[in-house]
Every structure is written in structure tokens, then in C-alpha cells.
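Trainee: Chains as they are written, first to last, in the working numbering: chain A, 1 to 554; chain B, 555 to 876; chain C, 877 to 1202.
Hints listed in this document are in silico derivations from the structure and should not be mistaken for laboratory results.
Treat the hints with care, as some may be off.
Derived DSS-like pairs (lysine-lysine); straight-line CA-CA distance at most 30 Å [stated by the list, open to error]: (1) A:Lys259 / A:Lys305; (2) A:Lys399 / A:Lys97; (3) A:Lys113 / A:Lys200; (4) C:Lys1003 / A:Lys305; (5) A:Lys259 / A:Lys97; (6) A:Lys535 / A:Lys305; (7) B:Lys711 / A:Lys179; (8) A:Lys531 / C:Lys1038; (9) A:Lys113 / A:Lys138; (10) A:Lys113 / A:Lys97; (11) A:Lys200 / A:Lys305; (12) B:Lys711 / A:Lys479.
Only some residues are given here: those of chain A computed to face chain B with a beta carbon under 8 Å [stated by the list, open to error]: (13) Asp184; (14) Leu275; (15) Phe344; (16) Gln411; (17) Glu414; (18) Gly536.
Backbone N, C-alpha and C define an ideal beta-carbon position, used for all residues, glycine too.
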Amino acid sequence: METRRLVLVLTGIAVVLIVVIGGLSLALLAGGEDSGGSGGGNQQPDGSPLPERLEGELRLFGPDPITLDPACAADAGSAEYIVEIFSGLVSFDRDLKLVPDVASSWDVSDDGKTYTFHLRPNVLFHDRSRRVTAGDFKFSMERSLDPDTQSTVGDVYLDDIAGAREFADGKADEVSGIKVIDEDTLELDISQPSSVFVEKLSYPTAYVVDRNEVKGSTCFEGGNWTLKPNGTGPFRLKEWVLGQRLELEPNSQYYLDPKPALSRVTYVLSGGSPLVMYENDEIDITGVGINDIESVRDPNNPLNKEYSETPSLDVFYIGFNAQQAPFDDPKVRQALNMAVDRDFLANDLLAELVLPANGVLPPGMPGYNEGLDGLPFDPDRARQLLDEAGGPEILTDVKLLASGQGASPSQVLEAVVAMWQDNLGVTVTVEQEDFGLFLRDIDQGTFQIFSLGWVADYPDPQNFLDIKFHSQSGNNETKYASSRVDSLLDQARTEKDEQKRLDLYRQAEETIVQDSPWIPLYHGKASVLTKPYVKGYFIPPFVINNLRYVSITE
Amino acid sequence: MTYAEVPGAALEQLAVRPAPSFRVLRRLARRPVAVIALAVILTVYLAGILAPWVAPYSFTDTDFQHRLAGPTWDHPLGTDLLGRDMLSRAIWSAQTTVIVSGAAVLTGGLVLGVTLGLLSGYAGGRLDSVIMRVADAVYSVPTILLLLIITATLRDKVVTVFSDIEDFTGIHGLVSSGAPSYFLVFGALSVFGWVGMARLVRSQVLSLREAQYVLAARAAGASTARILFRHLLPNVTNLLVVALTLSLGAAAGAEVALTWLGIGVQSPHPSFGAMIFQASALTTLRAHPHLIIVPSVVIASLMLSFNLLGDVLTDVLSPRRR
Amino acid sequence: MQGLASYITGRLLLAPVVLLVISFATFALGRYAPGDYVEIQAGTRARPETIERIRHERGLDDPVYEQYGRYAWRALHGDFGESKRYRGVAVEDVIFPRLWVTVQYNAIALILTFGIGIPIGTWAATKRGTWLDPLAIGTFLLFASVPVVVSVPALQWLFAVKLGWLPTSGWRVHEFFGVELGIFSRQIILPMLILTLPGVAGVARYMRGQVLEVLDQDYVRTARAKGLRGDVVVSRHVVRNALLPIATILGFELAGLLAGSIFVETLLGIPGIGLYAFESIGSRDYDSIMAIVLMGSAAFIAANLLVDIAYGFIDPRIRLPGAVRP
């Protein structure tokens, strides 16, 4: 061919380009070229940001936290890092028991309004510059409450404290209820007795921060100290390369037992499929999703030995706008409720990754009522109820508001909507919004039906029932109001006898389930794979520091 | 997602003289590639347009007993996670593609692009400057980012407008039919879709403006509109045919991309973007490959057909290359 | 060339105006979008009145033009604000490392696109009339017709899961003299490949067209008639004359790459600018959105200007309005 030479030259250029670039990248790999083999591959992770694995290093997959400032953490994702780096007066241990943390003990006055915390003398900041004193706690808590800090959650967890409201409104220079008795003693006065006040102090907003470091920073400005924070927790932040990796190293002067045993914790912040990264030994722990659960449960699968499940303290539900027609009619709510087959959702669609929810409280929560049946799946009864309430016509143009991104809502919601269609002849469309917008619409009550989950802050039924169903609670999105439930919840707030208190909650839950402001769908489980050399790891049902219990054994 | 810049430069080699249409068709028919491409396009489009009659099931019909099933006589392409028939969903998705890409290309490419291009090229002067500077500005923004922001901002408002229309006219089901999200997607695509076409038309008009027959028409006192649409437009039709063909393919791809990001057509209205989204997680792909194969094959063959057809048309319509 | 010079000056003077318009439009669109970063990040427990107070203090309920004025004033003084996704980090400190990640694999993809497209196009043109021409172009058209959201999982499955040759996802770097380079890790191959393949068809098609065009020119016919060998003609006259116009589709290819990056980075978990842009819009991280859009626009304006200059050299008659005015 007459043009062969030209073609050769041009192809040559292309080949050289490909070879140079492709070959260079392949050839200069840091050694670990392991041809793997089909069906899974087995490479060493290459590249320096995940340097040589240290002995005793744990590798996890995690998204970047939004903030590492304890005063500002409003999401569980941020809190998970913060609880490892910082610490507060109290915390939950691995048995989910509330235990003293920086405080060594606390006393409560007889009227239940004054708490005196005795601090450990040996708690140092990570940089060893000084010990933590009662004054640091006063500073940190006031900082969380300070309107200038612009924390969206500071007041939520701390405004039981006397004088907190005045301070948060800018009417006082300090919080009168936070008193520094001496370096080792902190007194907190609360405006009225509360059975859960100390529990709330386990949340990051009450954690201690280094005042020399945070000075003047708010939740939205000047927070660059969080890139290298000086905390008091079991681990210290060694390095955070945004979007790539976050490394923790153990705090050698940590004051509680067990002390951290890992030599390093590396969170891999970038990458696609955690399960595949786990199979390739890039991370040591991963969750298992719906697509793989069956193969992982297969006893012949080698991964099966690494699989474990723990129930979480949470509930996922569909809520109704109980103040707005037609959902102000309990019959409509009950009809929609009884048309949903929870067992199918939990056991088939979600392949037993979750437990069907009969009531509000998850198993494992004090006061959980095993005998509670909830409203059964009964399409005939559901149709009958709906007819009594006015028939399917009253449910035209109904929208279910959900949070989410991407092209389609969750399979669960699509299935629920399909069940309503099949069993009641009611067409409901799902509308998705970004999580924050969704919450705003929920707060403003501009919705008909919504779906949401609730995760425990602390293991107490108050955290579910009082917060979600008391007619005066700010978190009662459904605006459900029942005088019977209110009075039961009010009694429970001040009841000192634990058994009686739980019993009151049990009665309240039964009424709530019958009135059906929610359709409780399911309770989550953490389904994880853990490498056999990782010892002591557990997924807590809510955010607590758990890495100090973990060790690596080869 | 390169919709904004339709085929552009590549078309400028097209000759301006239109070839008689029957000869073009005959030449096309002699190209097997063109015939196959046309057949694919027609199949997808017809399936989409006739979806209510062709699709064996509704796109929301679920069958919880037969989830994730492979091909059977009842479900020739299998079922998805909720037991919905994949064939029906693909057919309904084709309808979405037809509506959105058709509307986007018509408004953005044809109406806006051609008109502005003709005006800009023929009138010249200040008007030309203004149009072209606006085009430059539109051209210089990162399109997909702006699309993301625009749809995020306007979705609520568009829905409100549509429900107002419903209340005002008494027509029901406008909102629940998904009209707002179709409107939003093709509207957003149009905003960025006209630039390529306008530039193309303008450059052709510029080279024709001083042609003998245009000068003659002008001397004979023909109005501007008449010169534009009677004398200039017919001479850029070759170009238009090819550009439209290619834009239709590009717009179909753009719709998939937008929907995949969650800013396009909203559930439960089916679309290829949503089908791909549900199936594209690596673990889903590994466990149930048919979920992604069905929508991908349809959308890829549609886009390929448009591209091939565009290529053949370029060849056929260009007299210089027989 | 005087027309060209004044044209370029005009365009350069116009650039700030265009940027201003774009920045205001983006800003207003962002602010009119439902919700803002305070509301979105407030968390499930936050109280509505607290959120409202913070929004007010941060000026998020002021009229848009006031907010824009404040933003513009700050930006002109070099303060682009702090990221709200990475609270406490200046926007530029988040964006530049991410931009660097994206630029690396995009640049290589761009080089490869042209490096493969040009020879393929030329070759196809010389094979015109045989079945090799449509086959070559058609093959690459097929790659161009597969949406990125499909090709990513498909290639991921093929190369990482099935064959086990490449890591599935992520981004790894090696440090050379303090510069973090990702181009020597195997993680870059997948995104590079995915961005290269769809672009090749465009370049090849265009090149083919150009070569055919030039082959038809009188001087080429003359050269042939004078008895020059075919490949000499092609290499000496044709390719040289066809290569200049090819520069004009650079902008086109670049835009395609950047759009593709959003999908590639989302699907492969690459911490680049595309993923960050997507996240920023979702979380109403205004300062980040503004910075990214402004930077992107400036880059496109520059690229388009270069393209226009190239056009000016090729055919000043058509492209430069100053030159055609009667």
C-alpha cells in the first residue's frame, strides 16, 4: 500500500504514547505487581498514601467527616471520628453502660438538680501541654452553647443546664449552672430533674477542647485547627489528607482501660466498593449489602467465617402528617399501615439484613416489648378501614417525601408504594430531596407522608418515645397528639422506679402503635465482615468510641 | 455529556447546496449501515411512542413472587428487584427518551439555534455581536455544573407552576404524569443546546450572504424574513439534517446522564438513567448483570445508530465526495 | 493580522464581563435553590429556631444582591471563603489538590485521545471506499455511544473483578520531590481509559474529514499528478494541513472530559474536582460552587479564545466578525 509508511509512523506515535504512559505507570509500581488471578484479584494496595502497613494497624473505609469540632458535630459520620479523638465527662462502655470518663465519678443531689463531677487528675491533652481541668469543661460547654459559635446542636444536648437558655439567647455572660468548684470539681445545675441528663453529656457537644487552639473559631469559620486537633480521646489525629486518608495514632497517655492497642488506624476515604476493597485486603472491616448477603451467608463461602451481625438501636418508619386531612383520621393511617407487609420487606426484599419492626422500640432497648404484635398485615381489613374513612378517592395525588440522591428512591419505598397500589388501589408518588432540605420540610410540616429513620443517642426508651411522640416535643414530626400518651410520658419523666418507668413507656408504645402515626418498618442490623486477625471489634448500636477495644493479632 | 457542543466543527465541510431529497434517500438505502441504523432508531422511537399499547405491563406493576428473575415467556427480559418487567420498563424508558431528547433538540437546536444563527449571520453588526457574545458566555460555563444548579433551583418552582396550571385549568394528573420533570430536563438541555447549532448556521450564512442569488433577491426588494427563510434556510438544510441527527443521539445520552445524577426525570417515571442507576453498583452488577445489560444495550445502540446515521448522511449529502 | 489582534484584545476585555455575568447568575441560582448549607447540615436534632438564628447571623436571609456584593468584595480581596463540606478549610485548599488529581488523568486522557484519534482518522481516510474505513470509525463510534455511567461499571467489572488486573477504584499517589503524582499508580488506568475511549471517535472523524478535504485540494492533486508517491503526499501536504484545524476541537474534547470526570469520580471514588463539584451543589456549599464555576469558566474562556485564534489563522474570513463586516 502506498500509504503504509505514514500509517506506520502515526501508529508508532500512538503506540509510543500508550507504551510510555501505560508502561511507566505499570513499571513504576511500588513492587506489588501480583497477577492475582481471575475472579476477585488479590493485589496489594499500591501508592504511598497508604504506606506500608504497620504491625497492628487497622484499616477502615470511611467518608470524610464534615467537621471534627465537637461543638458542631450534627451528624453521626462526624461524631464517629470525634468520639475517638476527644472525650467528655462520661461515656458509654462496650456493654453500653454509662461510665465515668474524664470524670472519675459523680454525685447527684437529693432533689436531682445538682450534679457534681470529680475529674481525674491524670487527663492530659494530646500535646501533653497541660491537664484537663474543670475550667476547660466550663469553657467547652459554654462554647457549644455560645450563639457566636453557631452550633446547630449545642443547645439540643446542653440546655437542661440552668442558665443555658439565657446564655444561648445572649442575655448572660456565662452559664450560671456550670460552676467550677476547683480544678478537679465541676458542678452542673439543671433546671428540672431529668432521667437522661447525664446520658446527654456523652454527646460530643459536652466534650472538652483545648481553649488555646479553638479561640474565636466558629462552626463555619476559622476551624482549621480541626485539621490537627488537640484532643483528649484514646486516639490522636496524625494526618488528614482531605478525600484521601485520615490516620489516627494511639494516645499513649490515655487514662481509661483498655488503652488503645492498635499502632495506627487508617481510614481510606476514597474508593468505590468497600466490599471489593475488603476482598482485596485494602480494608479490614466492611459492611455487607443486599447483593452479597446471600453468598456471604453460604457456609461454603470462605468469607462466611468473617461475617457477623449486630442489631442496632434504631427504627426506620413511615410517618403521617397527623394534623392534616386525610391523615388526621386514624383509620386512614391504620389502613395504610395494615396494607404494608413488613415481613416481606425485611425478610425477602432486604434479605434479613434488618428485623421487621412491630413497634417503635428496637430489640436491645430497655423497655423493648417482645410481646407487642403491632398492626398485622391484613389487606382486607385495610381496605375495609379505608372504605369506612371515605374510600381510596380521599388519597389522590398523595406524595411520600423521602431523602436521597440519585435516580430512584430506595427499593423499600418503591415496594411500599407498590403494596399500597396493589392492596388499596392508592397511587402514591415518592419525592426525593437532599437530606437537609428534607429535614427542613419535615420541620415545617410541609408534607403528607415521609420516611425517616431514628437512631438512639443513648439506650433509653425516652430517647424514642418522648422525643418522637410527646405533643410538645420539637422532634415530633407527625404532630401526633394524644393526651393519654402525653400523660404517660410525663409520668415517666419523673418516675424514679426503673421498672415502673419502663412500664409507663410500654403502655405509651402500645397506644402509639394502635393510633398509627407511624408505620414502623424495620430495625437495622450491622452486617459486617471482619478480617480474622482483627480482635475485639464490634459495631456499637449508636456512636461510642470502640477502637480502643480492638487489636490486631497475626 | 457533551450535548452543548453538538457536532460542530466536523460539519463545516458539508457543501451548502442541497441535494434533491429523493436522491439522498436512494443513496441512503444503498448503505446497509444507514438502513440498520434507521431501523434501530425507528424501533426504539416507535416502541417509545406506542408504549401504552406495546408494553406488556405497566412500569409500576410489581410481582414480589418473581423478583430478579431471568428471561421467561412472561418476562422476556427478566424482572428487576421488585419483580417489575424489564421489557416494559425499557419500552417506557424509551418513551421518556423520545419525549425529552425530541423536545430538547426541537426547542434548543432547531427553534432557538437556527433562528439565532440565521439572524446573527445575516444581520451582522450589533445584533450579531450580542448573540455571539451570549453564545460565548453560555459556551464558557461548565455545562453540567450549571445544569445541576439549574435543576436543583428550579424543580420546586416548575412543579408549583404546573400545579397552578392544574388548578387553573382543572386538568388533573399533569404533575403526577411527570410533565414537570420532562419539561425541566429538556428546558435545561435547550438552554445550552442552541449554541452549537447557532454557530454552525451562522458560519454557513456568513459565507452565503454575499452570494449572487441572495444579492439578487435583496436587490429585488425581498424582505429580510423572506431572504432568511426562503433563500438562506434551504441552503443550510443539509447541515441541519446531520446536526439534528447527531444532537438527538447526544440529547438521549445527556438525559441518561442527568437522570443518573438524580436531577433528571424522577421516579416512578421510568428512564434508562434510573434503570442504569439502580444496577450500576459493582456488587449489583456482579450479582444481577441483566439489570444493567438491558438499558445499556438499548441506549448504546440508539446512540450508535444516530452517530452512524449522521456519518453516512454527511457522506451522502456532500456532493464533493459523491 | 491586524484584525486578529484587535479581535483578541476585544475578547480579552470581554472576558471579565462574561465572568462577572456568569458569577452573578451562578450565585443567584445557587441562592434561590431550596435550602442552604446551614439547613442542610443542621442534623436531625437541631431546633428550627436555632437554625433560623444562625441563618440570619450568617446573612443567608439577606437579599441576593447584598449577599453577592459581599461575596464579590471578599473574592476581589482574594478571600474565597471556607468550604462547608470540609468545615474550617479554605476553599482553595480543598479545590487545588482536587483539581490536581483531575488534571492528571484528564491530561493523559486528552493526549491519548488525540494520539489515537489522529492516526486512526488519517488511516481511515486513506482507506476510504474499503470496509476498513467504516469498521475503524464504527468501532470507536461504539465506544463513544456507551454512556459513561455504563462503561465505568462495565470496565470495572471486567478489569477488576473478572480479570483482576486493576484495582476497582480509588486514587493512590506516589511522592516525587514533594509533588504527589497519581499517574504512576494502577488506579489511574481505569479512569484514563474510560475518558479516552469515547473521545477518540470525535477526533478520528474530524481528522478523516480534514484529510479527505485536503486530498481534494488542487495542490495535492498537482503533487500527485507530478508523480509524488502517495504516502509522501499524505505526510508532507495532507497531514500538515489537516492538523491545524484539529486544534479547534480541543475545546470540544476538553469539555467532554470535564463532564465525564463527574461521573468517573463519583463511580470510582476518585477525590477529584468533579466529585467535589457534585457534592458542593448537593450541600449548597456556595463558596465552593462559586470557586469551581469561576475557575471552570475562566479555563473554558481561555480555551475558546485559543480555538478562535486558531480559526483566525485558518480562515479569518469566517470566524472573525471584525474582518467580515462589509
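Trainee: Next, verify each hint and record whether it holds.
Mentor: Here is how each hint holds up against the structure:
Taking the CA atoms of Lys259 (chain A) and Lys305 (chain A), the gap is near 28 Å; set against the 30 Å cutoff, the hint holds. Of the supplied pair hints, the one linking Lys399 (chain A) and Lys97 (chain A) is violated, its CA atoms being roughly 42 Å apart against a limit of 30 Å. Between Lys113 (chain A) and Lys200 (chain A) the CA atoms are separated by roughly 15 Å; this keeps the pair inside 30 Å, and the hint holds. With a C-alpha separation of about 60 Å, the suggested pair Lys1003 (chain C) and Lys305 (chain A) falls outside the 30 Å cut-off, and the hint is violated.
A hinted pair counts as satisfied when its Cα atoms are at most 30 Å apart, and Lys259 (chain A) with Lys97 (chain A) qualifies at roughly 18 Å. Among the hinted pairs, Lys535 (chain A) with Lys305 (chain A) is consistent with the structure: their alpha-carbon atoms are about 14 Å apart, no more than 30 Å. Note on Lys711 (chain B) and Lys179 (chain A): the hinted pairing is violated, with a Cα-Cα distance of about 52 Å set against a maximum of 30 Å. Among the hinted pairs, Lys531 (chain A) with Lys1038 (chain C) is consistent with the structure: their alpha-carbon atoms are about 23 Å apart, no more than 30 Å.
With a CA separation close to 18 Å, the supplied pair Lys113 (chain A) and Lys138 (chain A) stays within the 30 Å bound. Distance restraint check for Lys113 (chain A) and Lys97 (chain A): the Cα-Cα separation of roughly 22 Å lies within the 30 Å cut-off, and the hinted pair is therefore satisfied. Between Lys200 (chain A) and Lys305 (chain A) the alpha-carbon distance is near 37 Å, which puts this suggested pair outside the 30 Å criterion. The suggested pairing of Lys711 (chain B) with Lys479 (chain A) holds, with an alpha-carbon distance near 27 Å, which does not exceed 30 Å.
Using the Cβ-Cβ criterion of 8 Å, the hint placing Asp184 (chain A) at the interface with chain B is not satisfied: the shortest such distance is roughly 53 Å. With 8 Å as the threshold, the beta carbon of Leu275 (chain A) comes within range of chain B, its nearest partner Cβ sitting at about 6 Å, so the hint holds. The restraint placing Phe344 (chain A) at the interface with chain B holds, with a minimum CB-CB distance near 6 Å, inside the 8 Å limit. This hint holds: Gln411 (chain A) has a C-beta 5 Å from the nearest C-beta of chain B, less than the 8 Å allowed.
Interface restraint check: Glu414 (chain A) against chain B, minimum CB-CB distance 6 Å, threshold 8 Å, status holds. A cut of 8 Å between beta carbons decides the hint on Gly536 (chain A): the least distance to chain B is about 28 Å, and the hint is violated.
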